[in-house]
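So the chains spell out like this:
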Amino acid sequence: MEKTDKFVQIEDANMVFHTRKGAFHALRDINLNIAQGEFVSLIGHSGCGKSTLLNLVAGLLKPSNGVMLCAGREIKGPGPERAVVFQNHSLLPWLTCYDNVYLAVERVFAKQEKKSKLQERSKAALAMVGLAHAEHKYPGEISGGMKQRVGIARALAMEPQVLLMDEPFGALDALTRANLQDELIRIAGDIKSTVIMVTHDVDEAVLLSDRIVMMTNGPAATIGEILHVDLPRPRNRLELANDPRYHHFRSEVMTFLYQKQLRPAA
Amino acid sequence: MNTLKLHSKDWPAMEKNSSPAKAPNPLNLVMQVKTGSRLAVWLKDNIAVWLAPILGLILFIGLWDVISGTNHDLPGPAKTWESAKTLFAHPFYDNGPNDVGIGWNVLYSLKRVGTGFGMAALIGIPLGFMVGRFKFLFGMTSPIISLLRPVSPLAWLPIGLLVFKNTEPAAIWVIFISSIWPMIINTAVGVSKVPEDYMNVARVLNLSEWKIFTKILFPAVLPYMLTGVRLAIGVAWLVIVAAEMLTGGTGIGFWVWDEWNNLNVEHIIIAIFIVGIVGLILEQALIFIAKRFSYGEL
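Note that the protein sequences, when read in sequence, are chains A and B.
In this text, residue positions in the first sequence follow numbering that gives the first Met the number 0: the first is 0, and each later residue adds one.
In this text, residue positions in the second sequence follow numbering that gives the first Met the number 0: the first is 0, and each later residue adds one.
In case anyone wonders, no lab produced these hints; they're calculated from the structure.
Treat the hints with caution; some may be incorrect.
Claimed, not checked - Calculated cross-link-like contacts (lysine-lysine; reagent style DSBU-like; alpha-carbon spacing at most 30 Å):
1) K134(B) to K61(A)
2) K192(B) to K20(A)
3) K114(A) to K210(B)
Claimed, not checked - Cβ pair distances, simulated, as ranges:
4) N45(B) to S45(A): 47 to 55 Å
5) K210(B) to E140(A): 46 to 54 Å
6) K136(A) to M129(B): 29 to 37 Å
All C-beta atoms in this analysis are idealised placements derived from N, C-alpha and C, irrespective of residue type, glycine included.
Construct the entire structure; sequences and hints are all you get.
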């Protein structure tokens, strides 16, 4: 497919939830275009609807109005071409790591490929996240970081057009998180996939993203500012730590979050 | 979590199976010096586990002995034990209808429970899945289940006798109707408790209904379903004794009533123990199965 600047298109999207307490206007007038191969982060205070926006792209939610397109086609529901890495990994505990990945691979490729090829794909995906040795383990037997790796492997194994990540490292400790971020930099560089990631971690956003979409506080949250992070790739955590440009981007996001969108009682 | 584990390794005494050889715990060191063997530790760990139940049983039998001493109609433990020895010498004799060995009676009861319970499982579990999956069906069945569930199982016996014109299927019918509710309800609750995340995975992967059932729904519901099965078999075994008292012919319940008519109270007490022990075995067997199919927390 030709590389396009409008691979994911969101036009005038609004999201209103109808709850028992009445209508809740979560997202207002979202306009966003994401280019193919771009890494975009959604950042904002909790409750700003960034996960809702991700779920809209995933097709898990339907916008109250507005247009959502992916690769020129309307997003009508969830589908394997928009793989999701869930915050809490969502592995099926009764399947081994390998079987969790295989379930996804089988769904996407079983029609056109032989079983041996499917097995090969599953193993390759686990190897990509450094878990070839744990393929026969159950999710209950591995650490939180490893589970999240399997979740990423499952998503990547589907060869999605867009990889959607909902605070993928939010539940992990700082060291594990840094480790997985580094791997994600490497993997995203390898597969050149379009990535949309929800995060509340400023460093994570600057380190990984081409663009950071900063969202205003809810209710009726919308896109406040968009920051282009034109740091050269491949990026290295240690080198960037002393890079003034890195600190410039970081303070831009901080200023937005803690000055312009400060929550009185968060 | 990792730090917690490290700490507990630094303190072997905190771990359940700490062996004295590598334990710097002062208490264990003292034991080691005194006995010089692992036996002491093993005893220390196991006495509490076994001592309490054994003590409880001894106290129970003692109390029984005292009560039977004050009331001569009630046979004491020794008399019952003697009677049990002759009874269990020939558990499988067959002297024609209404006079078969205790083994046969238990097996007849188990067969009835198995049949009624099996049919209840065959209908109740799939029904539970459907009721749990489809809100409309839940709305339809909910009032009926709520109305019929609290009814005493024996109230169904006349209906069974009327419809089947025979005691055997009537008894099975009572087992069926009393054991179906826990299976429907627990399975349905299990389906409604399947984590939203798993269903989202199914939606993102766009899995077929069959795959959703085999890979997500069934394994997720299995622990709930097995709880329902366990409750159901408990109820079924509880009910069969009463049902057989009324229907007669064979079975442990009939035997209790028959021995009451013979005024053989020792046999009634033995029957109570048999019913208790068989019920315990059924329950433990299902707990064992349930443990095999429960998944560690994530």
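Comparing the hints with the structure gives:
no. : hint                           : in the structure
1   : K134(B) to K61(A)              : holds, 21 Å
2   : K192(B) to K20(A)              : holds, 24 Å
3   : K114(A) to K210(B)             : holds, 17 Å
4   : N45(B) to S45(A): 47 to 55 Å   : holds, 51 Å
5   : K210(B) to E140(A): 46 to 54 Å : violated, 24 Å
6   : K136(A) to M129(B): 29 to 37 Å : holds, 35 Å
Consistency with the previously given hints fails for number 5 only.
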